[in-house]
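Novice: Under UniProt numbering, the first residue of the sequence shown is numbered 1, with each subsequent residue one higher.
No lab work stands behind these hints, which were simulated from the structure alone.
Bear in mind the structure is a predicted one, so any value in this text is a computation, not a measurement.
Hints should not be assumed to be uniformly reliable.
[As the list claims (entries may be wrong)] Pair by pair, the computed Cβ-Cβ distance ranges are:
#1 77 / 9: 32 to 42 angstroms
#2 131 / 226: 25 to 35 angstroms
#3 74 / 111: 39 to 49 angstroms
#4 106 / 13: 26 to 36 angstroms
#5 128 / 40: 35 to 45 angstroms
#6 128 / 9: 17 to 27 angstroms
#7 200 / 131: 24 to 34 angstroms
#8 68 / 7: 39 to 49 angstroms
#9 128 / 95: 12 to 22 angstroms
#10 45 / 93: 34 to 44 angstroms
Heads up, the beta-carbon is just placed ideally off N, CA and C, and yes, glycines get one too.
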Amino acid sequence: MRGDKAPAWRAFFVGARTISPFLVGIVPFALVTGATAVRVGMTPSQAVGMSLFMFAGTAQLAAIELMKQAAPMGVVVLTAIVVNVRLVIYSISAGTYFDGENVPRKLLAAYLLTDESYAVTFTRFREETPQVGQRIWFYIGAAGAQWITWQAGTLTGAVFGANIPEIISLDFIIPLTFLALLMPLLTDRAFRVTAIVAAVVSILGANIPFNLGFIVAVIGGISAGVIISSRTKSSSSRLGLTKDRDADTPNGER
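Let's have the full structure, built from the sequences with the hints guiding it.
Specialist: Here it is, written out as structure tokens:
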């Protein structure tokens with residue numbers, strides 16, 4: 001029993017250590033989220049409660065920004081849902097690595113899923129896939145370290161952020177953090193197409209009220225990525241069938 005637990009805990013701490021360089025960029029992201037929530041009228045407890053219930057920084061900031069613009073609540077909710085659609089795509093990909101894990105662990109993994117934890121974990125898995133029993137613990141270690149950092153940063157921003165002059169802005173850290181996460185994933189064609197389409201649509205729709213251009217960009221980017229991914233899989237499948245037929249035919253005859 002003790003021998004079984006040791007590799008799991010080792011994988012947990014390796015995951016936490018692997019994501020640690022990105023936590024430096026997550027701290028200001030969380031501070032901005034907590035401080036902005038208070039500035040739009042939330043109490044610190046409401047800001048922290050939102051962060052605990054809705055552990056998704058991009059969706060949180062998008063929702064808070066729309067609340068700041070007095071957008072209808074329906075638009076706020078729709079924006080949060082659309083922004084988080086990408087997490088469904090992530091979960092489908094992640095699920096293949098966690099087959100055989102129990103439901104509570106999978107639910108915890110789903111709750112902790114973010115851009116950072118996904119990028120760090122599955123970039124690592126593509127290079128070196130741990131044993132089956134260690135995968136979920138590596139992921140929980142990475143995602144759990146991010147969760148603790150995020151909640152602590154949000155709490156700090158909510159409590160002390162109102163005292164920080166608005167001229168001192170940390171907003172520029174947010175795109176830099178996502179850029180650092182995005183670069184290793186651009187080796188995949190579907191990810192490249194998703195990023196390019198989303199960027200172009202986002203620029204074209206920058207003047208749409210209530211940041212709705214962002215919603216359109218997310219939908220457009222994800223749709224393009226899914227189409228490219230499905231076509232790639234279809235082409236690979238056809239190529240595999242062709243090779244099988246050639247192998248079954250003597251001297252390549254048809």
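Novice: Run every hint past the structure and note whether it holds.
Specialist: Quick rundown of the hints versus the structure:
{"no.": "1", "hint": "77 / 9: 32 to 42 angstroms", "in the structure": "holds, 39 angstroms"}
{"no.": "2", "hint": "131 / 226: 25 to 35 angstroms", "in the structure": "holds, 31 angstroms"}
{"no.": "3", "hint": "74 / 111: 39 to 49 angstroms", "in the structure": "violated, 25 angstroms"}
{"no.": "4", "hint": "106 / 13: 26 to 36 angstroms", "in the structure": "violated, 21 angstroms"}
{"no.": "5", "hint": "128 / 40: 35 to 45 angstroms", "in the structure": "holds, 44 angstroms"}
{"no.": "6", "hint": "128 / 9: 17 to 27 angstroms", "in the structure": "holds, 19 angstroms"}
{"no.": "7", "hint": "200 / 131: 24 to 34 angstroms", "in the structure": "violated, 42 angstroms"}
{"no.": "8", "hint": "68 / 7: 39 to 49 angstroms", "in the structure": "holds, 47 angstroms"}
{"no.": "9", "hint": "128 / 95: 12 to 22 angstroms", "in the structure": "holds, 20 angstroms"}
{"no.": "10", "hint": "45 / 93: 34 to 44 angstroms", "in the structure": "holds, 35 angstroms"}
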